[in-house]
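Here is what each chain is made of, one letter per residue.
Protein chains: 4
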Amino acid sequence: MSDITQITPGWLGSEELELARARMPILYVEAVPVRVDDSGEVTHVGLLLRIGSDGAVSRALVSGRVLHHERVRDALLRHLEKDLGPVALPRVPASLQPFTVAEYFPTQGVTPFHDPRQHAVSLAYIVPVSGDCRPRQDALDLVWFSPEEASSALVQQDMPGGQGVLLRQALAHAGCLT
Amino acid sequence: MSDITQITPGWLGSEELELARARMPILYVEAVPVRVDDSGEVTHVGLLLRIGSDGAVSRALVSGRVLHHERVRDALLRHLEKDLGPVALPRVPASLQPFTVAEYFPTQGVTPFHDPRQHAVSLAYIVPVSGDCRPRQDALDLVWFSPEEASSALVQQDMPGGQGVLLRQALAHAGCLT
Amino acid sequence: MSDITQITPGWLGSEELELARARMPILYVEAVPVRVDDSGEVTHVGLLLRIGSDGAVSRALVSGRVLHHERVRDALLRHLEKDLGPVALPRVPASLQPFTVAEYFPTQGVTPFHDPRQHAVSLAYIVPVSGDCRPRQDALDLVWFSPEEASSALVQQDMPGGQGVLLRQALAHAGCLT
Amino acid sequence: MSDITQITPGWLGSEELELARARMPILYVEAVPVRVDDSGEVTHVGLLLRIGSDGAVSRALVSGRVLHHERVRDALLRHLEKDLGPVALPRVPASLQPFTVAEYFPTQGVTPFHDPRQHAVSLAYIVPVSGDCRPRQDALDLVWFSPEEASSALVQQDMPGGQGVLLRQALAHAGCLT
Chain A
53 MSDITQITPG WLGSEELELA RARMPILYVE AVPVRVDDSG EVTHVGLLLR
103 IGSDGAVSRA LVSGRVLHHE RVRDALLRHL EKDLGPVALP RVPASLQPFT
153 VAEYFPTQGV TPFHDPRQHA VSLAYIVPVS GDCRPRQDAL DLVWFSPEEA
203 SSALVQQDMP GGQGVLLRQA LAHAGCLT
Chain B
53 MSDITQITPG WLGSEELELA RARMPILYVE AVPVRVDDSG EVTHVGLLLR
103 IGSDGAVSRA LVSGRVLHHE RVRDALLRHL EKDLGPVALP RVPASLQPFT
153 VAEYFPTQGV TPFHDPRQHA VSLAYIVPVS GDCRPRQDAL DLVWFSPEEA
203 SSALVQQDMP GGQGVLLRQA LAHAGCLT
Chain C
53 MSDITQITPG WLGSEELELA RARMPILYVE AVPVRVDDSG EVTHVGLLLR
103 IGSDGAVSRA LVSGRVLHHE RVRDALLRHL EKDLGPVALP RVPASLQPFT
153 VAEYFPTQGV TPFHDPRQHA VSLAYIVPVS GDCRPRQDAL DLVWFSPEEA
203 SSALVQQDMP GGQGVLLRQA LAHAGCLT
Chain D
53 MSDITQITPG WLGSEELELA RARMPILYVE AVPVRVDDSG EVTHVGLLLR
103 IGSDGAVSRA LVSGRVLHHE RVRDALLRHL EKDLGPVALP RVPASLQPFT
153 VAEYFPTQGV TPFHDPRQHA VSLAYIVPVS GDCRPRQDAL DLVWFSPEEA
203 SSALVQQDMP GGQGVLLRQA LAHAGCLT
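If you read the protein sequences in the order shown, they are chains A, B, C and D.
All letters in the first sequence, in the order written, are residues 53 to 230 by the working numbering.
All letters in the second sequence, in the order written, are residues 53 to 230 by the working numbering.
All letters in the third sequence, in the order written, are residues 53 to 230 by the working numbering.
All letters in the fourth sequence, in the order written, are residues 53 to 230 by the working numbering.
Since the hints were derived computationally from the structure, they do not count as laboratory data.
These numbers come from a predicted model, not from an experiment.
A virtual CB, placed ideally from N, CA and C, is assigned to each residue, including glycine.
No false leads were mixed into what you were given.
Across the chosen pairs, the derived CB separations fall in these ranges:
| # | chain 1 | residue 1 | chain 2 | residue 2 | range |
| --- | --- | --- | --- | --- | --- |
| 1 | A | Q209 | D | G104 | 33 to 39 Å |
| 2 | C | E200 | D | A108 | 55 to 61 Å |
| 3 | D | G137 | C | G137 | 49 to 55 Å |
| 4 | A | P138 | B | S105 | 49 to 55 Å |
| 5 | A | A205 | C | L71 | 50 to 56 Å |
Covered stretches of chain B (chain D as the covering partner; in silico rule of three or more C-beta atoms under 8 Å from a C-beta of chain D):
| # | region |
| --- | --- |
| 6 | 88-98 |
| 7 | 120-127 |
| 8 | 142-153 |
| 9 | 217-230 |
Some but not every residue of chain C turned toward chain D, in silico, with C-beta under 7 Å:
| # | residue |
| --- | --- |
| 10 | A72 |
| 11 | V118 |
| 12 | H121 |
| 13 | Q149 |
Kindly produce the complete structure, drawing on both the sequences and the hints.
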């Protein structure tokens, strides 16, 4: 009983989240943080650097769940602040039309996207960021890459689960796929 | 116990669905069925006609949940077949980029969209349909309207929960908002 | 002869422009200037106020031609600065995918858009503006409207040539059509 | 004088076209012809095969000018019929929102797109084609490639002027970039 009262309404306890993950697609948002010049053109893409418990380096986009009764915009802002810190000054787009919808399946090969934990459906946005980024949580660093570097094999191989594909979809949408 | 074994894995029992609805955003797809001419221009919009238990007439878009381990494309096809019958010949777009994302909140006023049962987040698509539509399930009829008629106050007032707004967003996207 | 030498290469003399207008579609850009809140949601739309030689009031979006060897981004910036002044701080989107393409025909009724002077094809963008707007050129003022006001009959009737339709398409795209 | 009277109004004589090309951006449409499965997913991409006067093989998308007083939809249909024949059964999308705008400059390096003849601005669309394609005009053949093949270095190197980039932008938009 005490368990129930400790759960913030609208949030799932970890056991319930496990249960839901086995039964329903989970709604995610993903943001590709970019630096833009005065004309709005993307000059750099920001990727989070993480080191796994096995020492493996990986690079990731900003990503996370949408909570119950949370707007997509607010979920984007919350995850951007969680991953980039409080002074990143992200500019969430005026339109909620995502540049793509990424479907992560627990089974590999259904789509280019794979998440062993769950079936996640992710609304993906390009988000210009003009402030100072100070990664928090489990990220070691945020590294800025040119569009060319970001789509290179070297960077792509460090992005598991299909996020490398999603990144190149973002670059294509922004007109800077090389 | 027999209840549990009867549940298809990946589907929620009705009790579990109630629980999930109180805790997580539920992923939906919505389709605006349209007739197009040879140049692809929208000539008519199809709306489902329903009569509630209280006798109230309402008009609706094709709409429904995405199931666990189901692709967005397959959810669209399933709901189109469920609502329009097996020979409607819908053409799901080549790109999954929706024309908008509609956020239905159980609380009114957060967005133009409202669903008293749940927090639903809906990916919305315009779907040209060239075959014969035979509404099934709980719909009485599918009625085709010109874009002008579809955005008229007369039709709009019969579309609850903000679907009238979503319909006009679709017309705007297709270039036939009047 | 001196006329010819005075023409900047890539620019059309007024006579040549008349000739081209009678023979080719002319490429335009249009920007819907908006104020957004911290979450990126549109709170206000800016419309230019003009008074015609006949005293008629009209309201307009930012609009103008793309010049030879000019990028779409640079044309947007140039017209935004021309119409809103040098400290408007417009944020041209990271992607050049317009929310719509508006086709203005010299003949009425082909599309909702009409321009008696020419066949113009316009790439339309929503552009958040955070600075101080000081209309220049032939505009008297820039007036900010809420999305509700902007789509009202009162404002719509002051927008000739179909720009009222384009404005509502922008509001629909931004999720604030009412 | 007889030259002038022979010119269809709204069409440019070849001399005038040369003049216009030196002075204004020329509006183009480009179509990526695709085969889709029942769920709308792209299975193949069609590329025109051409052999230049120097014997060089090149592959191209469907592409061409928009004429005076011609709708974008009609220009798409005209060029699709010109390049794929009369029974290709193309399905021009319901919305004119292009997946991207490609800017071809006569100067290399301004954008990924280059056209030595002119400054062309091209509205690009993915067009599902369900009929029989019989290339006409100057194309030898239309060859269907899987998305993997289409984005391979082998195919990309045969696509001059940046059309290989545009093709990969289309694949990214359709969710089948590999």
